[in-house]
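Undergrad: Those protein sequences? They're chains G and F, same order as listed. Numbered continuously in my numbering, the first sequence closes out at residue 317. Numbered continuously in my numbering, the second sequence closes out at residue 622.
Think of the hints as simulated: they come from the structure by calculation, not from any bench. Mixed in with the good hints there might be a few duds.
Quick list of simulated restraints, FRET-style, between CB atoms [unchecked claim]: (1) G:T107 to F:Y450: 38 to 48 angstroms; (2) F:F8 to G:A125: 52 to 62 angstroms; (3) G:A200 to F:P588: 25 to 35 angstroms; (4) G:V258 to F:P404: 31 to 41 angstroms; (5) F:S5 to G:K123: 55 to 65 angstroms; (6) G:A199 to F:D471: 30 to 40 angstroms; (7) F:T539 to G:A199: 38 to 48 angstroms; (8) G:E126 to F:P121: 52 to 62 angstroms; (9) G:A125 to F:H179: 21 to 31 angstroms.
By construction, the Cβ of each residue, glycine as well, lies at the ideal position given by its N, Cα and C atoms.
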Amino acid sequence: MSAALKVTDLAKTFPISGGLLGRQKAGVRAVRPMSFEVAQGETLGIVGESGCGKSTLARMLVGLLDPTEGRIEIEGKALDNADAAAFGRLIQYIFQDPVSSLNPRKTIRQIMEAPLKRLYGMKRAERDTRIAEIFDSVNLREEFLDRYPHEFSGGQAQRIGIARALAASPRIIILDEPVSALDVSVQAQVLNLMRDLKAAFGLTYLFISHDLAVVEAVSDRIVVLYFGAVVEIGRAQEVFANPRHPYTKLLADSAPVVGRPLTAPEQTSSELPDPLNPPPGCAFATRCPRATDICRQSDPQLEQVGDDQYAACFHPL
Amino acid sequence: MRFLSLLFRNRLAAMGAVVLSLIVLLVLLIPVLPLQDPDVTNTADRFLPPLSEGHLLGTDHLGRDLLARLLYGTRLSLAVGLFAALIAGTIGSAVGIVAGYFGGRIDNVIMRGIDMLMAFPYILLALAIVAALGPGLLNALIAVAAVNIPFFARNIRGITVGLAGREFIDAARLSGMGHGRIILTELLPNVLSTIVIAMSTTVGWMILETAGLSFLGLGSQPPQADLGSMLGEARSSMITNPHTSIVPGIMIFLIVMSINLLGDGVRDALDPRLRSGALARPQARTMVRRKAPLPADDGKGLLNIQRLETQFHVGKRVYRAVNDVSLHVNAGECLGVIGESGSGKSVTALSVMGLVASPPGVITGGAVRYEGEDLLAAPYESLRKKRGEKVAYIFQDPLSTLHPLYRVGDQLAEAIQVHHRVSDAEARAKAIELFRSVRIPNPESRIRNYPHEMSGGMRQRVGIAMALANDPDVIIADEPTTALDVTVQAQILSLLDDLRRERGLAIVFITHDFGVVAQLCDRVAVMYGGRIVEQGTTTDILDRPAHPYTKRLMACVPELGGGKRELAAIPGLPPIVSDLPPGCAFAPRCHKATPACREGEIALDGGDARAVRCIHPEEEIA
């Protein structure tokens, strides 16, 4: 299996300027140097809580943010961010809020035509056939094309968002919390549609979510992020069933599950470390029951802890 | 056309529109009106009073016909004002969009330049521009336009900054659009209405400014008439022949007044909040217009909602958000209300204390009894006393329920002092104690925080502390953990559970999450399309769901530990409550539906312990 996407030491630091004349200070490290690979046709799940850097990572991968360091390779070729259209033809993005990702003043047809015109320079007739094909594959009726975004429910709007991403014929699609704004009964419709599309178009997915159960249900492998760094990578069925990093275990224990009695897995404050002034060592050490002196002094590296499972922890479970 | 009907509902705006159209009509008719030449002097007839023969409005100090000069002058002033507004609007908006879209350094440089322009008093700046370019109407126009550019630039930049962060702009970039195209086709259509509104409210101001410059002799040059120069020329004879200054003065007043009234009207009519029908500020409590007789008190529970009906009346449409809902909760009990968006669960909760915005919300039936007393009929003062004191709310997003400009401790103290006469020191001490009871570490220093200085979980703890501030008996929690991370959610849920046991609180817990319900609630009611479709104990509902909707909704929720798998889905969409189908609202999506499901009322069958609203239930209920 060749890698569809390969990320090497990718990092992003947001500078904090001290006003117009102030000197540049160190900045917030939203994403610490991270490396991973996504195989062709695979769905890689990315989970983490707010502030863990998952959206920053996603925006770098599609070229909406410039990485501070590191490189992104798609199918063996390094991406440079000089050409937005080159990005768009390879990798597309599906947004969390389906309604706000559609311009309220444009018809669906205008929205759908933009990638076909700008990325592929298609002519009118060609565009119409292509739009018809795509709409057919996402189960949308063509009569929707002349309506405006506010006329659609969340589930329909998200399907339009998916259709727009497909119009660019990308190799990889990044799904940033694609169903968290949708009702439960509609969520599954969209998730199943995306699974079918993946098979039909030979796509590779990066699925970002805070909902562990949803990620587990759709992913092949899962990356767990905490405070801008990868803490664990492994096969989907293993990561939550058999977590090796204490943070992954905390996540798995916190998810409400029918039939499990209510217990708060940790009673201490669960504040994230101050991003402006991060502590040395493992960011999770203050919350971790297994933390020792070494955890508070040096950064743990990602190490193999099992069959295709890696954890960044000095004292894995 | 909806815009026009809204515009003319505002009487002042309608008056402005009528006056302005009359003036514009007169000015347009100049070529066909039998007017004298405005520039022909006749010193023999100077200072003729109004209504003189041949001169309807009299003549000025050179014997020129005032009516002709007035109309020609008005035409000129209107044209100059309009052009100045167009120029200032175009340049200012372009500057504002560019600054707002690119942000960062470009924004900084442009906006500091604009700030410098604003630092000069406008008349001084206009004088300086005219002094540099030389007097003349065209130069006055340029000066007035330049002076007003900052107004547009700042206005439009503010809106653009908000839009530029929206996801559809990112989507456009991913579609391969360049910056110029994004500005023109994505941003401009969204700010255009603001530009038009800003222009319509500033045209009057520009006419006034141009008149000011002409009055000082820097605008139109003799003998050309505009309203400002007419006033300027009449100044010397203001005492002896007041009509020469009164005539142009009244015209300026009429023009500016009518434009401003119309401009305000246009702004209001284009405001989306007004368009949705919310013309007035919401009332202090939800309107109650009961059509059915008051249900008799059946003595159930501490809080007893009986056959509640809440509707939203928007235009001609009636949204039946809550339809015949009966619920009750006892002390120390947790009742879960579960449903998807639009199922009526939040409106039910807000109806209890009359918090549904009215208009458009109306409670059209039923009763809400607290210890037997009907809150819907209670006088407002007594209802207000019970809000927070007896029944308190916890909302979904603590960031939007806490005031961003006050310290959290002060907000908590205020909540206490509304209901109890206690000193500031006592309220503060109580606030610290409350913070401790919701397990906020270091409460003494935390009460001095502003909401933005706290994490989401901490803010929600403040929200819970605020709900607990006056020792209520009932807490209504509307999706209190939906906006939180899982690890924080687990802590908040266990906190609520502890508080309920410690204090004997009755909790109504509104959620869409079966996992949360299973862990916290004793009984559950499932809502769909504004009605309860099933109710019973939590174990009964989760183990043996009787309504097909409940059963299939539970199948949609993936559970952790299942590995990769196909998810069950319910085809179709939830119903819109303004257009409910007859019979069962779920029938169009239900695989068991028969023709009988689509006609007539289907009753909620069973007792308090277990009931289901279905002809073909999945389980027989005892």
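Undergrad: So, for every hint listed, does it hold in this structure?
TA: Verification of the supplied hints:
For the pair G:T107 and F:Y450, the supplied restraint of 38 to 48 angstroms holds, since their beta-carbon distance comes to about 43 angstroms. Our hint of 52 to 62 angstroms for F:F8 and G:A125 is violated, since their Cβ atoms are close to 46 angstroms apart. Range check, G:A200 to F:P588: about 28 angstroms between beta-carbon atoms, so the 25 to 35 angstroms window is met. Between G:V258 and F:P404, the C-beta spacing of about 37 angstroms keeps the proposed range 31 to 41 angstroms intact.
In this structure the hint that F:S5 and G:K123 lie 55 to 65 angstroms apart at CB is violated, the actual value being about 43 angstroms. For G:A199 paired with F:D471, a C-beta distance near 58 angstroms fails the hint of 30 to 40 angstroms. With their beta carbons about 39 angstroms apart, F:T539 and G:A199 fall inside the hinted range of 38 to 48 angstroms. Distance hint check for G:E126 and F:P121: the Cβ-Cβ separation is about 59 angstroms, which falls inside the suggested range of 52 to 62 angstroms.
Our hint of 21 to 31 angstroms for G:A125 and F:H179 holds, since their Cβ atoms are close to 29 angstroms apart.
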